[in-house]
Each structure stands twice: as structure tokens, then as C-alpha cells.
Amino acid sequence: MAQSTVAAAASGLVADMSRDELEQLVAKMIEERDPRDPNLVTLIAFSGDLDRIWPTTILATTAAAGGMDVAVFFTFWGLYSLVKEEKRITGDNWMTKGLSLMNRGSAEHAGLSKLNFGGAGPLMMRKLAKEHGVAMPEDLMAMAQDLDVKLWPCQMTMDLMGLKREDMIDGLDEPAGAATALARMQKSAISLFI
Amino acid sequence: MAQSTVAAAASGLVADMSRDELEQLVAKMIEERDPRDPNLVTLIAFSGDLDRIWPTTILATTAAAGGMDVAVFFTFWGLYSLVKEEKRITGDNWMTKGLSLMNRGSAEHAGLSKLNFGGAGPLMMRKLAKEHGVAMPEDLMAMAQDLDVKLWPCQMTMDLMGLKREDMIDGLDEPAGAATALARMQKSAISLFI
Amino acid sequence: MAQSTVAAAASGLVADMSRDELEQLVAKMIEERDPRDPNLVTLIAFSGDLDRIWPTTILATTAAAGGMDVAVFFTFWGLYSLVKEEKRITGDNWMTKGLSLMNRGSAEHAGLSKLNFGGAGPLMMRKLAKEHGVAMPEDLMAMAQDLDVKLWPCQMTMDLMGLKREDMIDGLDEPAGAATALARMQKSAISLFI
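Protein chains in written order, with the numbering used here: chain A, 1 to 194; chain B, 1 to 194; chain C, 1 to 194.
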């Protein structure tokens, strides 16, 4: 046997490789080839509309409840769904203050992307949801936090819209940028732009 | 040889592994690491607008024609594109009936997300498509069914909007929920939220 | 040793496989199982709105700057963001000419999906971006080209909207179709419909 090992080493054969070594080699090759983790989900919440916050929070909480590791990256209009419910005005100049007036903060006050009718549409949608036992987006957002879904506000668009950390709900993760979102999506089994 | 096999087993070497055993081991390790099937495509059809039903059905039919296994999960406004063409009103109360009036069913009557002009925009778009030999969304939907694309209505939003199975076109798959869509996307090579 | 090799070959054992052969076998099995390249990113730019061109170009340039291989497939309204800035009218009949008037070409003239206010919204957004050192979409588009991001116009929707290659900015890749986009997404680590 000793002789055969020497021969194998000399000739580069796998004959004397242990099963553990083989499995480590294969695992390393798979890892290098595909850094993806089948358990990761990354959602980009671009929209602040009720009808898109809903699928975002439903997918996030359902995946997290199923044991997946979920991160939601809030950017652009989506940021307003993270603003505290009691905040009426955010921003640091007339432009960003105006934006906040037209995008009232928190998922609770989100409008619909169509058939908004000055807020009547969302009220009706919320009433329908209540009648059918469908959770409200703001409740799903709280549930997401309970389920350890990472909520990442986008730093660049926070700056753009004059939103500060204290304007936003507690328990958010550190603001992040596009590079962080991309690195996470590269490893994610599911990445959606909603 | 028999002696060497015993030695290998005792020392945990791979020396006496057969080629088949090796391939099975590697296949199992890859499978565990990545449950994804490169052949699966999952599309979430959130929008009922003509300009989004078009890419959804074009991607679905092109992928299926190329031999891929495609499922389209219709949710929210997207559900209305599954409603039968002859249905004018769906829903079980004034709210869901109103919704159906404003979202006339079937891909054939879908509006545009912008430049709708009370239906003139979609008519023009359809005329342009006809002139250029581009298939209509409702034809692509029928073609998708012929190509065995799975069409899944979302149970939760069907309930919300008071849509029943009999309001919808024939040949749909069983209504499904977010957990089913997520499980499928986890295995899919391509998952898009449209 | 020679005897053992013969025995291994006869019995299908891996005993006499070289390390190189083993690695080639495993690499082939991984490749067959998953044709995906962790370095590929494919974005579908469906929208021509400023607020969506921004994330598209930010994600594309950030990924490319990080060494990833990025392709953006421009379709439908997204095509108008590739039109030359100086072009006021494109199209080959009254319908497509009308479309071009309502979708003024180039990222520089893109409107917002909401709060457009006849162009005041985008102007304000651009002013905010300037104040915060955020690059303009048209600059990001040029940067994307410098970083070798592939920019693919969709052939079918170009025909539909009467857009010709000479209407569009220089340096674009060959127009492509849904099948090309799907084949690329199948191999991509990140595929988003924006």
C-alpha cells in the first residue's frame, strides 16, 4: 500500500485520496464555479405604491417564514414606505419637502399605481384586504422585521430625497449602495426588481 | 486487488470507488449545493397593462418554444388578463365589480401603462403590431397554453378581487400562492417580476 | 502498478484516474448541471422613465466597474432612451411619429413615471441629483459604454416603433430578440426586468 501511495503521488493519481479530500475538492470546485446560496432572496423595492409594496412584503415574509434569508433594498420611491407613519414632512429644501408631501411616508399611506382616485382606491383595496383576511402592508413590514428580513435603505437616494435615518422606522439595517445590492444578488437564488 | 480494496475501505481512500459511484457522489453534492434547474423559467405577471403583458407572453412563448419549462404566476392587476373576453363584470360586491369595470378583462382589452388616451393608445399599438407581424397578446396567451406554459392565477388576489375560476379562461393551472411561486423561483434559472 | 491499472479499468474504478482527469470530470458535471456564469448580469430596460433609467444605468455601471460582464436589453419604451439627443421625431408613419413626439428621445429628456408635471418633476430630480453629486442617466449611459456594457436594442420593438439604427446613439450592439435575451439570462447570475 505504501508503495502504491508513493506511485500515485508521483503520477498524480487520485488512488490514495481520502473520501474527505475528494469531497472537499468537489465542494471547492462547485463553490468557485457558483458562489450562489440557494437560501438567499434579494428584493429591490423601487416603488412606493401600495400595489407593489404588497407583493414585496408578501414575498419577503413568506420566504422568511419558510426559512430563507431575505433582504429588501429600498430605493427611490420605495424609500417613502420606510418613513415613520407620524412624519408628515421630510427633506431639507423646498424640493425634497415637496416630494415628501406628494409621497406621504409609511406603507400605511401608500397610493396605488393606478386607479388611485386621490386615495379612494387604496382605501377600497385595504377594505377588500381586511374582508379577506389579507394582512396590511404595514403589518407585513413589521412581520418582516420580526422574521429578521433585512431592510436596507439605499444611501444614494436617501441623500437625493433628503431623507434622514431619524425620519425612518426603527430597526432598519445600515443604508447600503448599489454595489452591496449587486454583491448580494450575485449570490441569491431569487432576485427581483419590484 | 481484494487486499487493496480492503485497505482503501479501512483508510477511507477513494481508490476502490467505481466511476459510477464517483459521479453519483459529485451529482449529489452539486444538487445539494444548488437545487436549480437550468431549464426552469418563472415569470410574475403583476401588471395587466398591454405593454407589460406583451413582454410577459413573448418571453414565455419564446422560452417554451426553445424547450424551457415556463410558469407564469398572475397576480394583482395581472389577473385581469386571464378573465374571459366576453365577461364584462366580475366581482362579488360593489367594490370588486367596480374594479372589473375599470380593468376590463382579457389581454384583448388591456390598456397601456402610459399614453392610454382612453383606449386609443392600445388600439394604435395593436395596429402597429399587426402591420409588423407581431402577434397579439391574446394570441400569445393561447400559444403559451399550446406550448404547455403553466398559467397560475394567484389565489389570494383572486379572493381579494372577487374573481372566480369560471370568470377566467379555460386551461389554467390550479390557483397558487406566494410560497409556491417562491419554491419554483428558487429552482428557476430565470425569475422576473414584470 | 500496471496490473492495478488494468484491474481498475476493467472494474471501472477511479483508482488510476489522475487528479487532472478528476477535476475535468467534476468541472464538466457542474457545467452541465448549471450553465450559469457568476459574472454575468442581464438587465431588461423596458421603461423609458427617468426614475427607472437611473437604477438601470446605476446597476449596469456599478456591476461593470466591479468587473462583471453586463448587458442591457432595451425594449418598448426603454428604446427611446437610446435615441440621439438631437432627434426630435422618429418613426415612419403618423402613429410612430406621434409616439416619438410623446416619448422624446434620449435619457436626457426622459420623464418621470409619476409626478412628472409636464417635465418639472424630472428637472427638479436632476437638480437634486446635481446637488448631491449623483451622475445623470445620460452620463451613466456614456460611462456604461466606456465600461463595455453591452447595449442591445430589441429588434421587434424597434420595428414596431419605427426606430432605425441611425436614430439611435452610436456604439450600440446589434439589435437582438427575446431568444437572445433569454439565452443570456439563463446563464446570468443576476437578471432583472426594470
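It is worth saying that the hints were derived from the structure and are not from the lab. Don't take every hint at face value.
Claimed, not checked - Simulated pairs of lysine-lysine, BS3-like, Cα-Cα distance not exceeding 30 Å: (1) B/Lys28 <-> C/Lys187; (2) C/Lys97 <-> B/Lys127; (3) B/Lys187 <-> C/Lys97; (4) B/Lys150 <-> A/Lys187.
Fair warning: this is a prediction, and the values are worked out from it, not measured in the lab.
Going down the list of hints, with the structure as the test:
no., hint, result
1, B/Lys28 <-> C/Lys187, "holds (21 Å)"
2, C/Lys97 <-> B/Lys127, "holds (14 Å)"
3, B/Lys187 <-> C/Lys97, "violated (44 Å)"
4, B/Lys150 <-> A/Lys187, "holds (27 Å)"
The structure fails hint 3 only (numbered hints given earlier).
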